[in-house]
Amino acid sequence: MRNAFVEALYDIAGKDQRVVTLVGDNGAIVFDRYRESYPERFINCGIAEANMIGVAAGMAACGKIPFTYTIANFLTQRAFEQIRNDICLQKMNVKLVGIGVGFVYSDLGPTHHGTEDIALMRALPGMTIISPADPVEAQKATWTAAELEGPVYLRLATSRTPRIYDDDYEFEFGRGVVLREGGDVTIISTGNILHEVIKAAEQLKREGISIRLVNIHTIKPLDEEIILESAQKTRAVLTVEEHTIAGGLGSAVAEVILEGQNEAIQFQRMGLPGAFAQGYGSYDEMKEMNGLGWQDICSQAKRLYEKKLQLV
Amino acid sequence: MRNEELQNKARQLRQTIFKVICEGQGGHIAGCMSVVEILTVLYHRILRVDPTKPEDPDRDRFILSKGHASVAWYAILAQKGFIDEEELATYGQGGTRLGGHPDKLKLPGVEASTGALGHGLAFGMGMAVAGKMDGKDYHTYVLVGDGECQEGSVWEAAMFAPQHKLDNLTVIIDYNKLQALDRLDKIVGLEPLVEKWESFGWEVHEVNGHDVAELAETLSEIPYVVNKPSLIVAHTIKGKGISFMENVPIWHYRLPNDEEMKVACEQLQIEFK
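Read top to bottom, the protein sequences are chains S and D. The first sequence lines up with residues 1 to 312 when you count with my numbering. The second sequence lines up with residues 313 to 585 when you count with my numbering.
Mixed in with the good hints there might be a few duds.
Here are the in silico distance ranges between beta carbons for each label pair [stated by the list, open to error]:
(1) D25(S) x P366(D): 19 to 25 Å
(2) N520(D) x G274(S): 54 to 60 Å
(3) G501(D) x T111(S): 42 to 48 Å
(4) Q17(S) x G464(D): 32 to 38 Å
(5) I499(D) x R175(S): 50 to 56 Å
The set of hints was computed from the structure by calculation and includes no laboratory data. Backbone N, C-alpha and C define an ideal beta-carbon position, used for all residues, glycine too.
All chains, please: the whole structure from these sequences, using the hints.
Structure, rendered in structure tokens:
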């Protein structure tokens with residue numbers, strides 16, 4: 001996913017001289033080709049995220065299109081006030097790129113996890129949030145981010161993200177994607193964890209429960225229509241995110257459903273339940289340790305389905 | 313503009329600030345008074361800006377990083393013609409464009425929406441970096457408060473500018489030695505301030521921040537050294553011009569009562585109403 005972003009950025013920078021890239025002392029090797037071609041449009045700002053964001057905002061005020069790249073956690077949290085006051089408040093055209101979302105840095109511990117970034121960025125007026133699920137989506141999202149006018153937060157996993165989409169996938173900004181049609185339970189998800197959700201959906205299908213699977217790659221602005229449509233069709237909605245359940249995708253979906261729906265919906269958020277992600281290990285091990293493996297998703301979906309049936 | 317004229321303009325600026333804050337029912341009055349001469353010299357002698365072309369890509373940039381001195385900025389922008397003098401009377405009223413802190417999206421000549429201390433320098437630095445990238449000639453000036461230098465983000469910026477040889481960037485510190493509750497040296501002192509910035513790689517000059525001749529002379533020498541950012545430590549007095557406000561912390565944000573207004577008006581040579 002990260003490599004797809006960097007390749008897209010390289011092409012974008014080739015087309016548009018206004019694009020500049022700022023990093024917080026990360027992206028070793030990954031940016032080598034970019035730096036060779038556009039050395040004057042690359043700045044390693046060092047381990048000083050707040051300063052990097054301020055500088056990016058000032059550059060945007062002079063017509064540049066800065067992409068600021070560092071670990072999602074440090075980007076969105078260390079520099080949150082700068083993002084709010086320098087970028088969002090003044091409507092500066094800065095593209096924030098956070099890598100290592102969720103706990104993909106699975107052996108590095110919670111200081112390097114991006115598990116509250118959606119909640120934070122969602123609260124900011126004027127911030128667009130795109131959360132791609134695979135390298136193809138990441139590549140297209142990068143182009144979209146560059147073309148949009150105004151602040152964008154692009155949240156990426158790392159490298160080694162398996163593909164979901166084909167090369168001809170048409171990325172539609174702001175529109176959710178129905179990956180599987182189904183009528184029993186809707187699962188809405190975003191980002192990397194979608195792979196687990198797909199596995200869960202396939203298992204559930206074998207067990208006779210048909211899942212309507214929706215990928216929300218644009219978390220803000222949210223595709224309310226597809227959420228309400230899914231809620232209406234299935235009356236059971238499970239959200240899954242590699243993120244705290246407080247204020248993330250699940251909360252966003254719940255807000256839409258509660259405000260837009262009149263009828264009873266069985267609803268459940270899955271994610272980190274108010275705790276930092278526990279443990280160290282491989283990414284798969286981390287998912288299991290933190291209740292976000294496909295078996296956990298299956299259990300939650302079934303629970304929701306049973307609750308729904310009881311009501312009928 | 314000759315130095316005597318600059319002094320006149322400064323006197324008028326002080327009068328305007330006082331009137332606007334009193335009629336607007338409050339403002340950061342003392343911190344406005346300490347930057348009067350700095351703003352006067354910048355806008356009437358140094359800055360290459362044109363009020364008819366506020367978006368000119370080649371303009372000099374000025375950022376009031378100590379954004380709470382907004383009324384001082386509004387007053388000088390009015391003097392220079394970026395906004396009408398009449399608009400100053402709307403300060404403190406509903407629907408005004410003149411907020412307690414400056415709004416880049418609303419006002420011509422306001423380069424950054426400051427108010428959150430510690431932000432203006434990095435923002436201005438971004439403008440300087442863009443200028444270097446584009447081979448432009450414009451200079452960026454950032455006026456910071458001394459209390460503001462307690463923010464870590466200021467020092468992140470202080471490290472960055474010399475690294476990038478930003479000799480198209482100048483910082484002016486309004487060194488009035490007071491912050492909101494007390495003197496800086498009772499809270500988090502900055503001394504040795506000049507040596508700190510020099511050790512970070514800046515070329516530093518010190519001046520009397522209320523002497524227009526000194527300010528004009530030092531500002532005209534910028535950049536002091538090629539490939540180095542410049543910094544002016546302007547020794548100022550918070551509340552300058554009104555005797556009972558000078559160096560008294562409580563005047564950070566306060567509205568004078570009638571008695572105090574009368575005395576101040578006498579000292580500033582304004583008609584008391």
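Structure versus earlier hints, numbers of those that do not hold, lowest first:
1 and 3
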